[in-house]
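Asker: Letter by letter, the chains look like this.
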Amino acid sequence: DGGITQSPKYLFRKEGQNVTLSCEQNLNHDAMYWYRQDPGQGLRLIYYSQIVNDFQKGDIAEGYSVSREKKESFPLTVTSAQKNPTAFYLCASSSRTDISYEQYFGPGTRLTVT
Amino acid sequence: KQEVTQIPAALSVPEGENLVLNCSFTDSAIYNLQWFRQDPGKGLTSLLLIQSSQREQTSGRLNASLDKSSGRSTLYIAASQPGDSATYLCAVRYPHRDSNYQLIWGAGTKLIIKP
Numbered sequence: 001d002g003g004i005t006q007s008p009k010y011l012f013r014k015e016g017q018n019v020t021l022s023c024e025q026n027l028n029h030d031a032m033y034w035y036r037q038d039p040g041q042g043l044r045l046i047y048y049s050q051i052v053n054d055f056q057k058g059d060i061a062e063g064y065s066v067s068r069e070k071k072e073s074f075p076l077t078v079t080s081a082q083k084n085p086t087a088f089y090l091c092a093s094s095s096r097t098d099i100s101y102e103q104y105f106g107p108g109t110r111l112t113v114t
Numbered sequence: 115k116q117e118v119t120q121i122p123a124a125l126s127v128p129e130g131e132n133l134v135l136n137c138s139f140t141d142s143a144i145y146n147l148q149w150f151r152q153d154p155g156k157g158l159t160s161l162l163l164i165q166s167s168q169r170e171q172t173s174g175r176l177n178a179s180l181d182k183s184s185g186r187s188t189l190y191i192a193a194s195q196p197g198d199s200a201t202y203l204c205a206v207r208y209p210h211r212d213s214n215y216q217l218i219w220g221a222g223t224k225l226i227i228k229p
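These protein sequence lines are chains A and B, in that order. Heads up: the first sequence at position 7 corresponds to 7 in our numbering, and the numbers run straight through without jumps. Counting the second sequence from 1 gives a position; our numbering is that position plus 114.
Derived by calculation from the structure, the hints in this document are not laboratory data. Only a predicted model underlies this, so the values are computations on that prediction, with no experimental measurement involved. A hint or two may mislead.
[As the list claims (entries may be wrong)] The calculated BS3-like cross-link candidates involving lysine-lysine, where the alpha carbons are at most 27 angstroms apart (straight line), are:
id : chain 1 : residue 1 : chain 2 : residue 2
1  : B       : K182      : A       : K70
2  : A       : K9        : A       : K70
3  : A       : K14       : A       : K57
4  : B       : K156      : A       : K57
5  : B       : K115      : A       : K57
6  : A       : K57       : A       : K83
7  : B       : K115      : A       : K9
8  : B       : K182      : B       : K228
9  : A       : K9        : B       : K156
10 : B       : K115      : B       : K182
11 : A       : K83       : B       : K115
12 : A       : K57       : A       : K70
13 : B       : K156      : A       : K71
14 : A       : K9        : A       : K83
15 : A       : K9        : A       : K71
16 : B       : K156      : B       : K224
17 : A       : K71       : A       : K14
18 : B       : K156      : A       : K14
19 : B       : K224      : B       : K115
20 : B       : K182      : A       : K83
21 : B       : K156      : B       : K228
22 : A       : K9        : A       : K57
23 : A       : K71       : A       : K57
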């Protein structure tokens, strides 16, 4: 089955610790995205990558870092510099040959930092 | 500034009713618009995508319309069922830098269908 997997589903961390969220896709998509979702707000773009070894900051990149060493993988690190890291994190991917640029989403990771 | 608004934030209707969810956007120069469904604690499922040149798209009991001139889209759900209960998100895609296209998201409408 083709799709996007995110792990873990739930993640708990102490304040001051860095944490890495996993995102893997087997859709052969070039572009991948990380979003943050908070209650009562629309999704906000953290980082995106259109090709391996390249990525761009989104609207709320501060306190986050990413890497894109493989086409299939786009891990997100939430650093201790992120002021309010508790949120639901969604990963998505899209094909650059799809002129609609439709994005496909993973199941999400809920991060709780105390 | 490009903004997307969904009103109401929550809606509760009896099973069997037809209903309309609204999405408005401030910048009419859209590339396309997409409606998603999100179940509690889950990822997003794409329902319908409307290109800027289209007026509507249909899938089963769902019909999405687009009126760029008024900056509005509606999602019509016919003969609602309890299984339709979810949050419905509207996202508008605009041309962006680096030949990329950026999605601007509404906050969603939480729909509850009462048996």
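Asker: Indicate, hint by hint, whether the structure satisfies it.
Answerer: For each hint, the structure was consulted:
{"no.": "1", "hint": "B/K182 with A/K70", "verdict": "violated (39 angstroms)"}
{"no.": "2", "hint": "A/K9 with A/K70", "verdict": "holds (22 angstroms)"}
{"no.": "3", "hint": "A/K14 with A/K57", "verdict": "holds (26 angstroms)"}
{"no.": "4", "hint": "B/K156 with A/K57", "verdict": "holds (25 angstroms)"}
{"no.": "5", "hint": "B/K115 with A/K57", "verdict": "holds (19 angstroms)"}
{"no.": "6", "hint": "A/K57 with A/K83", "verdict": "holds (17 angstroms)"}
{"no.": "7", "hint": "B/K115 with A/K9", "verdict": "violated (34 angstroms)"}
{"no.": "8", "hint": "B/K182 with B/K228", "verdict": "violated (33 angstroms)"}
{"no.": "9", "hint": "A/K9 with B/K156", "verdict": "holds (9 angstroms)"}
{"no.": "10", "hint": "B/K115 with B/K182", "verdict": "holds (16 angstroms)"}
{"no.": "11", "hint": "A/K83 with B/K115", "verdict": "holds (25 angstroms)"}
{"no.": "12", "hint": "A/K57 with A/K70", "verdict": "holds (18 angstroms)"}
{"no.": "13", "hint": "B/K156 with A/K71", "verdict": "holds (24 angstroms)"}
{"no.": "14", "hint": "A/K9 with A/K83", "verdict": "holds (22 angstroms)"}
{"no.": "15", "hint": "A/K9 with A/K71", "verdict": "holds (22 angstroms)"}
{"no.": "16", "hint": "B/K156 with B/K224", "verdict": "holds (14 angstroms)"}
{"no.": "17", "hint": "A/K71 with A/K14", "verdict": "violated (31 angstroms)"}
{"no.": "18", "hint": "B/K156 with A/K14", "verdict": "holds (24 angstroms)"}
{"no.": "19", "hint": "B/K224 with B/K115", "verdict": "holds (25 angstroms)"}
{"no.": "20", "hint": "B/K182 with A/K83", "verdict": "violated (38 angstroms)"}
{"no.": "21", "hint": "B/K156 with B/K228", "verdict": "holds (21 angstroms)"}
{"no.": "22", "hint": "A/K9 with A/K57", "verdict": "holds (24 angstroms)"}
{"no.": "23", "hint": "A/K71 with A/K57", "verdict": "holds (18 angstroms)"}
When the structure is compared with the earlier hints, violations turn up for hints 1, 7, 8, 17, 20 and for no others.
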